[in-house]
Amino acid sequence: MIIGGWLALHIWSVFFLPLTRGTYVAAPLIVALICWLNVGMFIVAHDAMHGSLAPGRPALNRWVGRMALLLYAGFWYDRLIAEHMSHHREPGTAGDPDFSVDHSTSFWPWFVTFFRHYFGWQQMAFLTALTIAYLLLGASYANILLFWALPAILSALQLFYFGTYRPHRQEAHPFADRHNARTNDFGWLASLLSCFHFGYHHEHHLAPHVPWWRLPAERRRSLSR
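By the UniProt record's numbering, the letter at position 23 of the sequence shown is numbered 23, and the numbering carries on one by one without gaps.
Just so you know, the hints here were simulated from the structure itself, not pulled from any lab data. Please note that the accuracy of each hint is not assured.
So the derived label-pair ranges between C-beta atoms look like this [as the list claims (entries may be wrong)]: (1) Pro28 - Met85: 35 to 43 Å; (2) His173 - Phe15: 46 to 54 Å; (3) Ala142 - Arg221: 24 to 32 Å.
Even for Gly, the Cβ is constructed at its ideal location relative to N, Cα and C.
Kindly produce the complete structure, drawing on both the sequences and the hints.
Spelled out as structure tokens, the structure:
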């Protein structure tokens, strides 16, 4: 559903949405929706890595995860799953590829380190080739920048802030356990809109097999203990 919604909105906004005065008025809402679905695409791939997208069906998890990451930004699933398992083995330490020991409290330096680790020449080459193909198929530069590039960049910031920086940053108050993760104290709707409940991050580290839509229940169980 998330992948289908993203794909439909992506094709419509890039190829078929005329840039009129009304479009520019509605553009912030359209960009925000695409950005949110971008985040959802990554969360789908993330759940596929943990086998919770389709329990007991590893081949389906791999297929959907690969498709979601490729569509999202040309990422390679097989590389990211290895990196993500390292994150779970050594969260918030020098052995965690998502963590920056040198910038554990600073958003922008940490984000730049994070971005450069994951986004390289392969992603750039893939997206450049796809952009050329889009232009040859009749898409405009403006539509590509506004409804593809901008939401992709914003979603990267959103995912990093709510799914990595806030849960794993160093603070005066110590972490509860070896997972070095905290949970965003958001209500259900804010949690869904911010990062598909990925902000319930300590619960995710405690039970990585739980899919994103069940994390609110996992959070409630955690609070009741």
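Structure versus earlier hints - violations, ascending order: 3
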